[in-house]
Amino acid sequence: MFAGVNSSQPVQNTTHKVVIPFYAYAAVSLFAACFLMLISAGSFTGHYFNPHVLAITHIMALGWGTMIILGAGYQLIPVLIEKSLYSIKLAYWSFFLAAAGIPFLAYGFYYFDMGWPAKWGGRLILIAVLLFVINLAKSIQKSKKGNVHAWFMLAASGWLFITAFYGLVLVYNFTFPIYERNPVDLIPLHAHTGIVGWFLLLVIGVGSKLIPMFMISKYTNNKLLWLIFLLINTALLLFILLYIFNVGSAIFLLPVSMILISLMLFASYCYKSYKQRIRKQVDGQMKISLLSVLMMLVPVAVIFLLIGFFVSGKENLRVVLLYGFVIFFGWITAIIFGMTFKTLPFIIWNKVYGKIAGLGKTPNPKELYSEKLFKVMSLSYLSGFVTFIAGILTIERVVLTIGASLLLTAAFLYCVNAGKVLLHQNPFQNDERNNQ
Amino acid sequence: MTNVITNNNLKCTIALAALQNVIDPEIGISVVDLGLIYQIDFSEADKKVFVRMTLTTQFCPMGESLTGAVKRAIEQTFTGEEIFVELTFDPPWNHERISEEGKQFLNR
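Protein chains in written order, with our numbering: chain A, 257 to 692; chain B, 636 to 743.
I should point out that these hints are in silico values taken from the structure, not numbers from a laboratory. Check before you lean on any hint, since a few could be wrong.
Said to hold, decoys possible - From the structure, some residues in chain B lie toward chain A, with a derived Cβ separation under 10 Å:
#: 1; residue: 645
#: 2; residue: 646
#: 3; residue: 648
#: 4; residue: 649
#: 5; residue: 651
#: 6; residue: 653
#: 7; residue: 654
#: 8; residue: 661
#: 9; residue: 662
#: 10; residue: 694
#: 11; residue: 697
#: 12; residue: 724
#: 13; residue: 729
#: 14; residue: 734
#: 15; residue: 742
To be verified - Result set (BS3-like, lysine-lysine): computed pairs, CA atoms no more than 25 Å apart in a straight line:
#: 16; chain 1: B; residue 1: 683; chain 2: A; residue 2: 345
#: 17; chain 1: B; residue 1: 646; chain 2: A; residue 2: 617
#: 18; chain 1: B; residue 1: 682; chain 2: B; residue 2: 706
#: 19; chain 1: A; residue 1: 345; chain 2: A; residue 2: 273
#: 20; chain 1: A; residue 1: 398; chain 2: A; residue 2: 479
#: 21; chain 1: B; residue 1: 683; chain 2: B; residue 2: 646
#: 22; chain 1: A; residue 1: 543; chain 2: B; residue 2: 738
#: 23; chain 1: A; residue 1: 607; chain 2: A; residue 2: 617
#: 24; chain 1: B; residue 1: 738; chain 2: A; residue 2: 536
#: 25; chain 1: B; residue 1: 682; chain 2: A; residue 2: 339
#: 26; chain 1: B; residue 1: 738; chain 2: A; residue 2: 474
#: 27; chain 1: A; residue 1: 536; chain 2: A; residue 2: 631
#: 28; chain 1: A; residue 1: 543; chain 2: A; residue 2: 622
#: 29; chain 1: A; residue 1: 611; chain 2: B; residue 2: 706
#: 30; chain 1: A; residue 1: 617; chain 2: B; residue 2: 738
#: 31; chain 1: A; residue 1: 401; chain 2: A; residue 2: 479
#: 32; chain 1: B; residue 1: 738; chain 2: A; residue 2: 528
#: 33; chain 1: B; residue 1: 683; chain 2: B; residue 2: 706
#: 34; chain 1: A; residue 1: 345; chain 2: A; residue 2: 400
#: 35; chain 1: A; residue 1: 607; chain 2: A; residue 2: 345
#: 36; chain 1: A; residue 1: 339; chain 2: A; residue 2: 394
#: 37; chain 1: A; residue 1: 570; chain 2: A; residue 2: 479
#: 38; chain 1: B; residue 1: 682; chain 2: A; residue 2: 622
#: 39; chain 1: A; residue 1: 543; chain 2: A; residue 2: 676
#: 40; chain 1: A; residue 1: 531; chain 2: A; residue 2: 543
Ideal Cβ placement from N, Cα and C applies to all residues, glycine included.
Next up, chain A with everything else stripped away, as it sits in the complex (with noise of 0.2 Å):
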């Protein structure tokens, strides 16, 4: 018999209600970026400082991406750090201001008015950053120490939280000008610690986690994961400190080499907890989040590309827009795409059924979203990411407008497959209530 033992004893998750919106905000943004991106073709055929591009990257970045992290961070704290959230107010609190201050960046930067609605919409955005950063810490302080997987999220969020602070310090510096640099220099300083600062180290932070999780497997290795870390922060660091001090482009090599190394390392050990997994049958969502896993590998070698452009002093404008492109639609996306379909379906079943679990059949959290839609969206977002891809580089606007077409046809099924999850309801529950 046991001592003590009254009740069951209830698991301290994060409530569906903080991350749901999260997760219907980021859908509605993807949407929003690939409609924006096919009336907008025309200027992903110039420069890329362009309002219209910087526009479509913002609502990527944070719309889409940082959205859907936080929600699904929300829900994975617990999970990574083994302990419960910090507090679920600030995460709502920190869901309403981005939610608030992302539709006025994006406004600012597609008309180009970096008056109020851009200045207004950084701020926000950095506060409910600031909130996520707080939450996190204080979610952590309470965990074992020495865990990995809690560093990794650490380290991204105070990372997400210079890229929006010197974001917003950008935005200031159109109207009171602070740095005497042209803004497009300024520019690889935020877009490196939000892509590899942020969005780096914290799929590989929870993807280390979930990854094996998911197929169950007797792989771990911590020592690989802390060389990984310290590997990423590194190299960031020490590119922030060659571009301050404007050290000539080859020596860019030494930090993107060290990138390179640590996504290698980061593969070898997706590939080795595939191997040794349990669960034999890998699903579409798993094999979709392992492909985004060397979908990594070709943002590297863009960038190995265009240094090569920068050392013999060409620089080549088609190439820093596909390597934006790659990273925000192709990595980011897809990694996104693999795992709502993963983590979702689960939420929702938790919240229809999760009270009525254990009295008869319930629905398989996977019958929850339609498959087939899935794989039409699969095919229409990779033959949309290649389409645009050729339409980069060869400066064709009826080749970018098929791309974006078929992205938006992707990111329309997203929607409705992620609306039908998130609409779900018990249907026996619908027939109680009509019999009555």
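Assemble the complex: chain A is given as a structure, and chain B must be docked to it using the hints.
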């Protein structure tokens, strides 16, 4: 059953049969085959059933659903008895607890 500690083999077999219907929605096998059930004890005098179980990972988002489902499935089988479910992570779950049937399912 060899993995589950009990003070009443017959009742435990009935309870485990009932728990075969409690499926982990992510993995697709029952909590029994997954090896999540550590102990089921019965108190004849007090009409109480004590279940000690674990989760594949601490703070598993499905944790509350699974412990609730285990409680409800046992309640349906042993009507009139009070059910207590305790969640433990000592020892933590590992893949060696998966039954042969469970391994066969995952190997498909």
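Cross-check of the supplied hints:
Taken as an interface hint, residue 645 (chain B) does not check out: its beta carbon lies about 18 Å from the nearest beta carbon of chain A, beyond 10 Å. Restraint check, residue 646 (chain B) versus chain A: the minimum CB separation of about 14 Å is more than 10 Å; hint violated. Among the interface hints, the one on residue 648 (chain B) is violated; its C-beta lies about 18 Å from the nearest C-beta in chain A, farther than the 10 Å criterion. Annotation: interface hint on residue 649 (chain B) violated; nearest CB of chain A at approximately 15 Å, more than 10 Å.
Below 10 Å, beta-carbon pairs count as interface contacts, and residue 651 (chain B) has none with chain A, the closest being about 14 Å; its hint is therefore violated. Nearest Cβ of chain A to the Cβ of residue 653 (chain B): about 9 Å, under the 10 Å cut. The hint holds. Given the 10 Å rule on beta carbons, the hint for residue 654 (chain B) holds: about 9 Å separates it from the nearest Cβ of chain A. At its closest, the beta carbon of residue 661 (chain B) sits 7 Å from a beta carbon of chain A; the interface hint therefore holds under the 10 Å criterion.
Given hint, residue 662 (chain B) at the interface with chain A, holds; its Cβ is 7 Å from that chain's nearest Cβ, closer than 10 Å. The interface hint given for residue 694 (chain B) holds, since its Cβ lies 4 Å from the closest Cβ of chain A, which is under the 10 Å cut-off. For residue 697 (chain B), the suggested interface contact is upheld, since its CB lies about 6 Å from the closest CB of chain A, less than 10 Å. Evaluation of the residue 724 (chain B) hint against chain A yields a held restraint, the C-beta minimum of about 9 Å falling below 10 Å.
Interface hint status for residue 729 (chain B): upheld, as the beta-carbon distance to the closest one in chain A is roughly 9 Å, under 10 Å. Contact between residue 734 (chain B) and chain A, as hinted, is not supported at the beta carbon level, the nearest pair being about 12 Å apart and thus beyond 10 Å. Checking residue 742 (chain B) against chain A by beta carbon gives a least distance of about 5 Å; that is within 10 Å, so the hint holds. The hinted pair formed by residue 683 (chain B) and residue 345 (chain A) fails the criterion: a straight-line CA distance of about 39 Å is larger than 25 Å.
Straight-line distance between C-alpha atoms of residue 646 (chain B) and residue 617 (chain A) comes to about 23 Å, which keeps the hinted pair within the 25 Å bound. Distance check on the hinted pair: residue 682 (chain B) and residue 706 (chain B) sit about 15 Å apart at the alpha-carbon level, within 25 Å; holds. Annotation: proposed proximity of residue 345 (chain A) to residue 273 (chain A) holds, straight-line Cα distance about 11 Å (limit 25 Å). For the suggested pair residue 398 (chain A) and residue 479 (chain A), the alpha carbons sit about 23 Å apart, so the restraint of at most 25 Å is met.
Distance restraint check for residue 683 (chain B) and residue 646 (chain B): the Cα-Cα separation of roughly 12 Å lies within the 25 Å cut-off, and the hinted pair is therefore satisfied. Straight-line distance between C-alpha atoms of residue 543 (chain A) and residue 738 (chain B) comes to about 21 Å, which keeps the hinted pair within the 25 Å bound. Under the criterion of a C-alpha separation no larger than 25 Å, the hint pairing residue 607 (chain A) with residue 617 (chain A) is consistent with the structure, at around 16 Å. Between residue 738 (chain B) and residue 536 (chain A) the alpha-carbon distance is near 10 Å, which keeps this suggested pair within the 25 Å criterion.
Taking the CA atoms of residue 682 (chain B) and residue 339 (chain A), the gap is about 35 Å. The hint is violated against a cut of 25 Å. Restraint check: the Cα-Cα separation between residue 738 (chain B) and residue 474 (chain A) comes to about 13 Å, which is no more than 25 Å; the hinted pair holds. Distance hint between residue 536 (chain A) and residue 631 (chain A) is fulfilled; the C-alpha atoms sit about 21 Å from each other, no more than 25 Å. Of the pairs offered as hints, the one joining residue 543 (chain A) and residue 622 (chain A) holds, with about 15 Å between alpha carbons and a cut-off of 25 Å not exceeded.
About 11 Å separates the Cα atoms of residue 611 (chain A) and residue 706 (chain B), which keeps this hinted pair within 25 Å; it holds. This hinted pair checks out: residue 617 (chain A) and residue 738 (chain B) have alpha carbons roughly 23 Å apart, not beyond 25 Å. For the suggested pair residue 401 (chain A) and residue 479 (chain A), the alpha carbons sit about 15 Å apart, so the restraint of at most 25 Å is met. Restraint check: the Cα-Cα separation between residue 738 (chain B) and residue 528 (chain A) comes to about 19 Å, which is no more than 25 Å; the hinted pair holds.
Distance check on the hinted pair: residue 683 (chain B) and residue 706 (chain B) sit about 12 Å apart at the alpha-carbon level, within 25 Å; holds. Of the pairs offered as hints, the one joining residue 345 (chain A) and residue 400 (chain A) holds, with about 24 Å between alpha carbons and a cut-off of 25 Å not exceeded. Straight-line distance between C-alpha atoms of residue 607 (chain A) and residue 345 (chain A) comes to about 19 Å, which keeps the hinted pair within the 25 Å bound. Under the criterion of a C-alpha separation no larger than 25 Å, the hint pairing residue 339 (chain A) with residue 394 (chain A) is consistent with the structure, at around 10 Å.
Our distance criterion of 25 Å between C-alpha atoms is broken by residue 570 (chain A) and residue 479 (chain A), whose separation comes to about 41 Å. Using a Cα cut-off of 25 Å, the hinted pair residue 682 (chain B) and residue 622 (chain A) is violated, with the two alpha carbons roughly 38 Å apart. This hinted pair checks out: residue 543 (chain A) and residue 676 (chain A) have alpha carbons roughly 22 Å apart, not beyond 25 Å. For the proposed pair residue 531 (chain A) and residue 543 (chain A), the alpha carbon gap of about 14 Å is at most 25 Å, so the pair holds.
Of the numbered hints given earlier, the model fails hints 1, 2, 3, 4, 5, 14, 16, 25, 37, 38; all others are met.
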